[in-house]
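Just need the whole structure built from these sequences, with the hints factored in.
Which chain is which? The protein sequence lines are A and B, in order. Here the numbering used here is used: the first residue of the first sequence is 1, the next is one more, and so on. Here the numbering used here is used: the first residue of the second sequence is 1, the next is one more, and so on.
Hints are computed from structural coordinates only; laboratory data are not their basis. Ideal placement from N, C-alpha and C gives every residue a C-beta, glycine not left out.
Pair by pair, the computed Cβ-Cβ distance ranges are:
#, chain 1, residue 1, chain 2, residue 2, range
1, A, Gly15, B, Ala90, 39 to 45 Å
2, B, Ser177, A, Asp60, 37 to 43 Å
3, A, Asp60, B, Val94, 37 to 43 Å
4, A, Gly57, B, Ser80, 57 to 63 Å
5, A, Glu78, B, Asn26, 57 to 63 Å
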Amino acid sequence: MSTLLTIDNVHSFYGKIEALKGISLEVRQGEIVALLGSNGAGKSTTLKTISGLVRPGKGDILLNGKSIVGLPPHQIVEAGIIHVPEGRRIFAGLTVRENLELGGFTQKKKKDVIAAGIEQAFSMFPRLKERSTQLGGTLSGGEQQMLAICRGLMARPKLLMLDEPSMGLAPIIVQEIMHIIREINKQGTTILLIEQNAKAALRLAHRGYVLETGRIVMENTAEVLRGDQSIVKAYLGA
Amino acid sequence: MNPLGKKLSIILSLVVACCLPFLTNNYWLDVATLALFYIVLAQGLNVVVGFAGLLDLGYAAFFAVGAYTTGILMTVYQWSFWLTLPVSMAIAAVVGVIIGAPTLRLRSDYLAIVTLGFGEIIRILAINLDITGSASGIYGIPRPSIGSYMLAGQMDFYYLILIIAILAVLAVKRLGSSRIGRAWMYIREDEDAAEAMGINRIKMKLLAYSIGAVIGSLGGSVFAVKMSAIAPLSFSFTQSIMILLAVVLGGLGSIPGVVLGAVLVIALPELLRSVEDWRYLIFGVALVAMMLFRPQGLWPARYDTGKDSAHEADTLRTEGSDRDVQLDSEKCNA
Ligand SMILES: Nc1ncnc2c1ncn2[C@@H]1O[C@H](COP(=O)(O)OP(=O)(O)O)[C@@H](O)[C@H]1O
Ligand SMILES: [Mg+2]
Numbered sequence: 001m002s003t004l005l006t007i008d009n010v011h012s013f014y015g016k017i018e019a020l021k022g023i024s025l026e027v028r029q030g031e032i033v034a035l036l037g038s039n040g041a042g043k044s045t046t047l048k049t050i051s052g053l054v055r056p057g058k059g060d061i062l063l064n065g066k067s068i069v070g071l072p073p074h075q076i077v078e079a080g081i082i083h084v085p086e087g088r089r090i091f092a093g094l095t096v097r098e099n100l101e102l103g104g105f106t107q108k109k110k111k112d113v114i115a116a117g118i119e120q121a122f123s124m125f126p127r128l129k130e131r132s133t134q135l136g137g138t139l140s141g142g143e144q145q146m147l148a149i150c151r152g153l154m155a156r157p158k159l160l161m162l163d164e165p166s167m168g169l170a171p172i173i174v175q176e177i178m179h180i181i182r183e184i185n186k187q188g189t190t191i192l193l194i195e196q197n198a199k200a201a202l203r204l205a206h207r208g209y210v211l212e213t214g215r216i217v218m219e220n221t222a223e224v225l226r227g228d229q230s231i232v233k234a235y236l237g238a
Numbered sequence: 001m002n003p004l005g006k007k008l009s010i011i012l013s014l015v016v017a018c019c020l021p022f023l024t025n026n027y028w029l030d031v032a033t034l035a036l037f038y039i040v041l042a043q044g045l046n047v048v049v050g051f052a053g054l055l056d057l058g059y060a061a062f063f064a065v066g067a068y069t070t071g072i073l074m075t076v077y078q079w080s081f082w083l084t085l086p087v088s089m090a091i092a093a094v095v096g097v098i099i100g101a102p103t104l105r106l107r108s109d110y111l112a113i114v115t116l117g118f119g120e121i122i123r124i125l126a127i128n129l130d131i132t133g134s135a136s137g138i139y140g141i142p143r144p145s146i147g148s149y150m151l152a153g154q155m156d157f158y159y160l161i162l163i164i165a166i167l168a169v170l171a172v173k174r175l176g177s178s179r180i181g182r183a184w185m186y187i188r189e190d191e192d193a194a195e196a197m198g199i200n201r202i203k204m205k206l207l208a209y210s211i212g213a214v215i216g217s218l219g220g221s222v223f224a225v226k227m228s229a230i231a232p233l234s235f236s237f238t239q240s241i242m243i244l245l246a247v248v249l250g251g252l253g254s255i256p257g258v259v260l261g262a263v264l265v266i267a268l269p270e271l272l273r274s275v276e277d278w279r280y281l282i283f284g285v286a287l288v289a290m291m292l293f294r295p296q297g298l299w300p301a302r303y304d305t306g307k308d309s310a311h312e313a314d315t316l317r318t319e320g321s322d323r324d325v326q327l328d329s330e331k332c333n334a
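This is the structure we're talking about:
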């Protein structure tokens, strides 16, 4: 498997606060990689740094071997990385369809690509189709998350980064979301997944990294991490 | 409002607007003309503040750029009025980019301060430069003509600005529902999320600011020939605030709302003329009351994320099943 994304010794700051203290990780083509860690460990900051919302103070980020550090976020989207942020951030005042159209923004005027993307989303989530003219804000939490994922897919990313997609959802919905993530991956999209729900994430992922106060403290295959007693204790709530 | 009612009210207001010169006296026709100017200006500012969410406190500066460009070109260089229009719009666009490029990267409160300063700079320049006629301004601006017909009467200008106002409304409406209009809205609602979706934030903001500038300068150009004399007094900070008021009063981002807001901002003080000294006080109290009880404006835009949608989100969040899960996941993380 070739490497899609490489993060090399990245340090990120919020003012003087060093949120990432030299992180290195890689995501290979076709993988699902889980990024685990407790609250405030720096998981979201890692994604924000990759997507250009936070500029790293030091270190390099490579997509297919080319550095993307310093590019503005919209160019990083165009390069093929989509970040579905924490809390879904769909537009409450826009309809489901309009939200999806937003996701295809970088497709410019390619109406057929956007239409195809919307069709794909609707076939993946028939519930979104039923609600296509409903305002985003009136959807349930699970439906909003599905919408956020579909909106991200509209840009046809090489790498889809999901920040806590299961946050605040009922266990049965979480299962559904996890299932969909696997489907998306099978269809060829590489995924970097942040989860607090480590149990669910490690069932899904190929490999995982554990982040603690801005440093990676562990990395291994999902299988090994699932069996690791310290992880189980710290993050699986067992 | 249903589509039929909407169409009817648009047609009705157009008919009223077209017949108005035959229905009123000169005084009210003048008020109506001013209201039409305000519709043009407020729609231009609506693109900046309403669509893109950029607080501009110096919008009258672009009004001034248009008025002075036309005034100078017509009096000093004897240009035809119509030829001055593209020039003044181009100058406004360039000035918009010059002011916008460095400031639109800043947070919006800084932008407000910079635009406020810019408005003052333009006004002070107009007072001090010879070419703008210093404090007394430019007078003797010739009347424009179409073929051999010279626009001179009150009614001529009323119809000229009516046409411009209609064009401005149509243009802004189209912009609002275009791909670019969507991008502005996304930026306004959630800048980070919009950026994460691949929208070039700075480019889009700059575009909004420049388009607003162009529309403002168009209003200014027509204002110059209508008044045939312009002076710095017309482009004061108060002017910027009154235009902003029209936008906020009507409803940020709402096309019909902003038309209504512009008409009210001009008409209300006139209607209150009978109470003389009290009128601005009453006007002010009415505005404060409005902001308290209807902060989204009289005729809010559809894409409003005011109280109502926030409330919806809250009820969603506290829905039974979701609450259970939150407890559940808290347990997991403990
Ligand atoms: N916008 C911000 N400004 C300042 N500090 C922040 C900001 N966002 C996050 N932080 C801090 O950076 C650290 C990492 O946060 P974050 O990446 O959100 O963690 P996680 O997603 O793993 O919960 C935390 O200590 C947090 O308080
Ligand atoms: Mg986080």
